[in-house]
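*Asks:* Quick note, the sequences are listed as chains Y and Z, same order.
Taking the working numbering, the leading residue of the first sequence gets 1, the next gets one more, and so forth.
Taking the working numbering, the leading residue of the second sequence gets 1, the next gets one more, and so forth.
For the record, the hints were derived by calculation from the structure and aren't laboratory data.
A couple of the hints might just be wrong.
[As the list claims (entries may be wrong)] Calculated cross-link-like contacts (lysine-lysine; reagent style BS3-like; alpha-carbon spacing at most 30 Å):
| id | chain 1 | residue 1 | chain 2 | residue 2 |
| --- | --- | --- | --- | --- |
| 1 | Z | Lys177 | Y | Lys63 |
| 2 | Z | Lys284 | Y | Lys111 |
| 3 | Z | Lys547 | Y | Lys78 |
| 4 | Z | Lys470 | Y | Lys116 |
| 5 | Z | Lys163 | Z | Lys177 |
| 6 | Z | Lys210 | Z | Lys284 |
| 7 | Y | Lys26 | Y | Lys63 |
[What the hints assert, rightly or not] Which residues of chain Z face chain Y? A partial, calculated answer using Cβ under 8 Å:
| id | residue |
| --- | --- |
| 8 | Leu381 |
| 9 | Lys383 |
| 10 | Gly419 |
| 11 | Tyr462 |
| 12 | His479 |
Note that this is a predicted model, so its numbers are computed, not measured.
Glycine residues also receive a C-beta, built at the ideal position from the N, C-alpha and C atoms.
This is what each chain is made of:
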Amino acid sequence: MISIRHLKKVFPNVTPLLDVNAEIEKGDIISIIGPSGTGKSTFLRCINRLEDPTAGEILIDGKSITAPGADIPSLRRKMGMVFQSFNLFNHLTILENIMVAQVDLLHRSKKEAYEKAMALLHTVGLADKALDLPEELSGGQKQRAAIARTLAMDPEIVLFDEPTSALDPTMVGEVLAVIRNLAKQGLTMLIVTHEMKFARDISTRIFYMDQGVIYEEGTPEQIFDNPQKDRTRQFIRRLKVFEEVILPSTFDYMGTVNRLYAFAEKNQVSKRMSRNMLFAFEEMVVQSILNRLPVTEEIHMVMEYSGEGDGLVIKVEYGGEALNPQDGMDEVPRKFLELATNTIVHNYSGGKNTVELRIR
Amino acid sequence: MLLRFLFLACLILLGCNEPEKPIRSTDLLNDSPSTVSVRDEGEKVMDTTSAVDLKDVPPQFRDKKLKYNSIAEMNKNENLRLGMQTGFVFVDKETRRLLPKAKIDYYKSTPDMAYLVANGKLDGFINDEPVIRYAALENPNLGYIHAGFEPMDIVAVFPKKEKGRSLRDELNTYIEKYRASGLLDSIDNLWLGHDETRKVVDFPKAKEGKPTFKMATSAINPPFEYIKDGKVVGYEMDLMARIFAEMGYGLEVHDVAFESVILGVETGMYDFAVATLSTTPAFKEKNFLSNSFYVSECVMAVQILDEKNVLPPAKNGVASDSAAIVEEGLIASLKSSFVRTFVMESRWKLVTNGIWVTVYISILSALFGTVLGFLICLMRLSKIRIVDAIAITYIRILQGTPSVVLLMILFYVVFARTGIDGVWVAVIGFGMNFGAYVSEMMRTGIEAVDKGQMEAALALGYTKPRAFFKIVLPQAARHFLPVYQGEFISLVKMTSIVGYIAIQDLTKASDIIRSRTYEAFFPLVTTAIIYFAIAWFLTRVLTAMQKRLDPSRRRNRLLRHSRAQHCHPRCHSGGATPR
Numbered sequence: 001m002i003s004i005r006h007l008k009k010v011f012p013n014v015t016p017l018l019d020v021n022a023e024i025e026k027g028d029i030i031s032i033i034g035p036s037g038t039g040k041s042t043f044l045r046c047i048n049r050l051e052d053p054t055a056g057e058i059l060i061d062g063k064s065i066t067a068p069g070a071d072i073p074s075l076r077r078k079m080g081m082v083f084q085s086f087n088l089f090n091h092l093t094i095l096e097n098i099m100v101a102q103v104d105l106l107h108r109s110k111k112e113a114y115e116k117a118m119a120l121l122h123t124v125g126l127a128d129k130a131l132d133l134p135e136e137l138s139g140g141q142k143q144r145a146a147i148a149r150t151l152a153m154d155p156e157i158v159l160f161d162e163p164t165s166a167l168d169p170t171m172v173g174e175v176l177a178v179i180r181n182l183a184k185q186g187l188t189m190l191i192v193t194h195e196m197k198f199a200r201d202i203s204t205r206i207f208y209m210d211q212g213v214i215y216e217e218g219t220p221e222q223i224f225d226n227p228q229k230d231r232t233r234q235f236i237r238r239l240k241v242f243e244e245v246i247l248p249s250t251f252d253y254m255g256t257v258n259r260l261y262a263f264a265e266k267n268q269v270s271k272r273m274s275r276n277m278l279f280a281f282e283e284m285v286v287q288s289i290l291n292r293l294p295v296t297e298e299i300h301m302v303m304e305y306s307g308e309g310d311g312l313v314i315k316v317e318y319g320g321e322a323l324n325p326q327d328g329m330d331e332v333p334r335k336f337l338e339l340a341t342n343t344i345v346h347n348y349s350g351g352k353n354t355v356e357l358r359i360r
Numbered sequence: 001m002l003l004r005f006l007f008l009a010c011l012i013l014l015g016c017n018e019p020e021k022p023i024r025s026t027d028l029l030n031d032s033p034s035t036v037s038v039r040d041e042g043e044k045v046m047d048t049t050s051a052v053d054l055k056d057v058p059p060q061f062r063d064k065k066l067k068y069n070s071i072a073e074m075n076k077n078e079n080l081r082l083g084m085q086t087g088f089v090f091v092d093k094e095t096r097r098l099l100p101k102a103k104i105d106y107y108k109s110t111p112d113m114a115y116l117v118a119n120g121k122l123d124g125f126i127n128d129e130p131v132i133r134y135a136a137l138e139n140p141n142l143g144y145i146h147a148g149f150e151p152m153d154i155v156a157v158f159p160k161k162e163k164g165r166s167l168r169d170e171l172n173t174y175i176e177k178y179r180a181s182g183l184l185d186s187i188d189n190l191w192l193g194h195d196e197t198r199k200v201v202d203f204p205k206a207k208e209g210k211p212t213f214k215m216a217t218s219a220i221n222p223p224f225e226y227i228k229d230g231k232v233v234g235y236e237m238d239l240m241a242r243i244f245a246e247m248g249y250g251l252e253v254h255d256v257a258f259e260s261v262i263l264g265v266e267t268g269m270y271d272f273a274v275a276t277l278s279t280t281p282a283f284k285e286k287n288f289l290s291n292s293f294y295v296s297e298c299v300m301a302v303q304i305l306d307e308k309n310v311l312p313p314a315k316n317g318v319a320s321d322s323a324a325i326v327e328e329g330l331i332a333s334l335k336s337s338f339v340r341t342f343v344m345e346s347r348w349k350l351v352t353n354g355i356w357v358t359v360y361i362s363i364l365s366a367l368f369g370t371v372l373g374f375l376i377c378l379m380r381l382s383k384i385r386i387v388d389a390i391a392i393t394y395i396r397i398l399q400g401t402p403s404v405v406l407l408m409i410l411f412y413v414v415f416a417r418t419g420i421d422g423v424w425v426a427v428i429g430f431g432m433n434f435g436a437y438v439s440e441m442m443r444t445g446i447e448a449v450d451k452g453q454m455e456a457a458l459a460l461g462y463t464k465p466r467a468f469f470k471i472v473l474p475q476a477a478r479h480f481l482p483v484y485q486g487e488f489i490s491l492v493k494m495t496s497i498v499g500y501i502a503i504q505d506l507t508k509a510s511d512i513i514r515s516r517t518y519e520a521f522f523p524l525v526t527t528a529i530i531y532f533a534i535a536w537f538l539t540r541v542l543t544a545m546q547k548r549l550d551p552s553r554r555r556n557r558l559l560r561h562s563r564a565q566h567c568h569p570r571c572h573s574g575g576a577t578p579r
C-alpha cells in the first residue's frame, strides 16, 4: 500500500531521516518506537507531505506522492492524521469540527455529515459534547474528538503522531481504548508512540527507529522479547548506558571514576550497588585486566543500568590473547568480588575477550 | 470706488444713529436693540477719548471705543498678537514691515480671526476692507482702522499657459464691457447691500459645443465668496457666473482651502482662480492676471471694547443676580446659536450632507484599506524575501507620512491631471493609510493562530488557500477585530482633513457654518458630538460583526435551534398523555 524508499529529510541543523525504507501493507498496524529526536514524527509527517522530503520516494498504491505535480490534497484525503496537540479547530464546535471537511471536501450533504459525525461521536463516547467548543473539553476528550474528525473522512490509513504524549496520565487510557477499538476493525494504522505495552498489544509490526533509519523491525514478540540489536534492547529495557573506551597508555583513573559516580548518581543507582560497581571496576577492570593487558590493546567498557529488575551489568571487551581476569587473582579480592556480583562470565572467541559482570 | 463705499457706509451708519429711523438700523445690522444702547455707551466713551487721534479710524467707528486707534498705537504693544490668513504672502510681508514686533499666527479663514479679534484673543488681522466690513456687520465687537496700504486690484488668476492667456483675454473684454455699462457697480451694490433675497448665484451650464471651466475659490471670504444655503455665492462668484453665462461656457466652482487655490491652478487642476486675489508681484510673475474688477484697500481689524469689557468688577451683592441673568441668557443664547447654526439658510443641509460624506468616505476607505491591507499582509507572510521587503517598505512609508500630506500629494500631484473626483482621491488616500495599519494587525492576528490549525486542515485534504480562509482567517479575525475597530474609529476621525482637497465633509460643513455665524462654540461642540455619534454607531456595527464570529454565541444559537426542534415531539406527546 505504501512503499517508502531511501527517504531522507535534512533540516538546516539536523538530519532526522538518513535513509528510511519501509513497506506498509493494508491492514498493518505499525507502532513506531524509538528514543526522542530520532525522526519518528518527521517520518510520519513526510508520509503525508506536511514535511517535504529532501530525497527519496514515497509511493501510495504505486503512485508517487513525492513526484512534482502530485495531487497532494487528494492523497491526504486517503490518509488521516491525528496530532499530538489535537489541533481541533478552535472556532468551531466539536460537531462542526467533524462536519466541516466532510461537507467541504467530500461534498456530503449537511445531513449526511451530521449523521456520520454523531455516529462517530457515539463510538468515541462524546455524543453529549457535540455542541461544546474545543476549549471546553479535557485533553483526552479533545483527542477522541480529533480521532473522530479524522475517521469522518473515511481514510484508508490513519497516522497517529504521539496521540497520548500531551495528555495527563489519567487520560491516556481513554484515548488508547479508542485506538484499540479501531485496530480491531482492521484499519491500517501507523502509530508513533511511547506507550510500549500498548504498542505490543495492538501492533502487527514494530519499527524501532534510531540514527535516522528504521534500525530494527519485526513482530512485537521479536522486538520486545528478543531484540537483535543492542540499541533496540537498551531502548526496550529502558537501559541507561555508560560507555567508555580505555587505552592503557592514556588511562585517566580519577576521570573515569568521577564519570561513573556521576552516572550512578544521575540514574539513582542505590548506594550499595554503586559501591559494588566501583569495587568491581577497580578490582576487575583496572587491577586484573588493564595491568595485564599489552599497552597496544584497548578496553571497551559498557555499563547498562535498568531501574526495573535487570540491575547493573558491566561488559568489558578487549583484544589480545585469551585472558580471564579471575585467573591469578588474589584470594581476598576474589572473595570480595564474589560478594559484590551475582555472576561473572568470561568468553574468548575470535581474538576477543568478553567479561560480563552482574553487580549485586 | 473705495471712497464711494466708505461714503455709503458712513451714510448708512450715520442714519442708524438718527432716532427717528430705528427700523432701518435694526434692519441693517441684523441685530437686537441692545446694539443701540451699546452705541449710546460708546458715545459717552467717545467724550472721554476725544483727545485721541482718530484720523485712521473710519467715520462709522469714530463713536466706538476701539482697542487701537492707529497702527502706531499697536506698535506700542510689546506683546502684539496678529492673525494672518494662510496664503496671504504679500499682506504677510507688509504686516511684518508695519508691525515688526507683532507675533503672527496663521489661520485658515477670516471669520475665525474675526471671532478671535472681537473676543480680544487676537489684537488684529489684516484683510480686504469689504471682507472686514462685512464681518463687522455680524460682529458688533469688530471694527477696523486704516493701515496705510495702497488700494489693490482684485483680479482673477490664470495659469501661465496659452489656454490660460486666451481665457483671460476673453474675460478681460467682458470685464471692460461690464465696467463701461455700470454693471460692475450694480453687482457691487447688490452684494454689499442688504437685500438677501437677491444674493443668489446661478453657475451656467455650457451651451452646446462649448467647454466647461473649473474655477477654484475659497468660500470663506464674505461678501466676495462664501457659502449660503449650501451654495457658493458672493460678489466675485456672481460676476464670473454672469460673464461665463454670456460667453456660453459652463462654469464649475470648486471650493478649496485658500492656500490650495493657487496650487490648484498651477498644477492644472483648475482652469483659473477667483478668491479675492490681489495683484501682488509674485502673482504677476507666475500667472496671467485678468483686469481688475474691484479695488480694495487692506485694513486692520480691531476689537471694539463694549461696556462688558469696560465695566468695573461687579459688587458682591449684585453678583448672584447677574449670575441668574447669565444663566437665563445661556439658554436663550444656546437657542439662538442652534437656530443660527442649523436652521438659518437651511444650514442643516450642509451638516447632513457633511455627515453623509464623512460616513461614505470612511466606509469606502475602510473597505478598500482592508482589501489592500490583506494583500500587503499576504506579501508580508510571503517567504519570498523581496516581496516581504516591498510590503515592509510600503508600511513604513505610509506609517511615516502624515495623512494630510499624503492626501495633498495624491490630489495635487498624482491625480492632479486625471480629473478624478476628490472623494475618490480621499478614499484611495485613506485606504492606503488604513491598509498599512490593517496589514500589520492582520499579520499579528494570523501569526497568533497556532500552526497546528493549518496543519490539521491540510491533513484533512484542504488546499492551502482554502484552509487559510476557512480555518486560519476566522480565528485570526477574532484576534485582530478589536484593534481593527479602534483603527477604524480613528479613520473616521481622520477623514476630517478632507477639506484640504475641496471635499465638503462634516468638519468642512462646520467651518462653513462658522464662517457665516462668526461663532465658534456651538458649531464646534455639535460637530464633536456628531463625530462621537457616528463613531459610536459604527462601533456598534463592528461589535455586532465581532459577536457573529464568537463561537460560543453561535453555539448558543444552535442550541436554541435544536431545542426548538426537539420541542415539537415532546410537546406533542405531552399533550397526548394527560391521563
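*Asks:* Quick check on the hint: tyrosine 462(Z) CB to chain Y CB, less than 8 Å?
*Replies:* holds (7 Å)
*Asks:* Lysine 470(Z) and lysine 116(Y): Cα distance at most 30 Å?
*Replies:* holds (21 Å)
*Asks:* Against chain Y, is lysine 383(Z) within 8 Å by beta-carbon distance?
*Replies:* violated (13 Å)
*Asks:* Does histidine 479(Z) meet its interface restraint, that is, does its C-beta lie within less than 8 Å of any C-beta in chain Y?
*Replies:* violated (11 Å)
*Asks:* For lysine 177(Z) and lysine 63(Y), compute the direct alpha-carbon distance and say whether it is at most 30 Å.
*Replies:* The given pair, whose Cα atoms are some 93 Å apart, is violated under the 30 Å limit.
*Asks:* With 8 Å as the cut and Cβ atoms as the points, is glycine 419(Z) at the interface with chain Y?
*Replies:* violated (46 Å)
*Asks:* Below or equal to 30 Å on CA atoms is what counts here, so check lysine 26(Y) against lysine 63(Y).
*Replies:* holds (15 Å)
*Asks:* Can you confirm whether the C-alpha distance between lysine 547(Z) and lysine 78(Y) stays at or below 30 Å?
*Replies:* violated (36 Å)
*Asks:* Between lysine 284(Z) and lysine 111(Y), does the CA-CA distance stay at or below 30 Å?
*Replies:* With a Cα-Cα distance of about 81 Å, the restraint between lysine 284(Z) and lysine 111(Y) is violated, given a limit of 30 Å.
*Asks:* Does lysine 177(Z) sit within 30 Å of lysine 163(Z), going by the straight-line distance between their CA atoms?
*Replies:* holds (22 Å)
*Asks:* Is the hinted pair lysine 210(Z) and lysine 284(Z) satisfied, with a Cα-Cα distance of at most 30 Å?
*Replies:* holds (29 Å)
*Asks:* Can the hint on leucine 381(Z) be confirmed by a CB-to-CB distance to chain Y that is less than 8 Å?
*Replies:* violated (18 Å)
In summary, the structure is inconsistent with hints 1, 2, 3, 8, 9, 10, 12 from the numbered list given earlier, while agreeing with the others.
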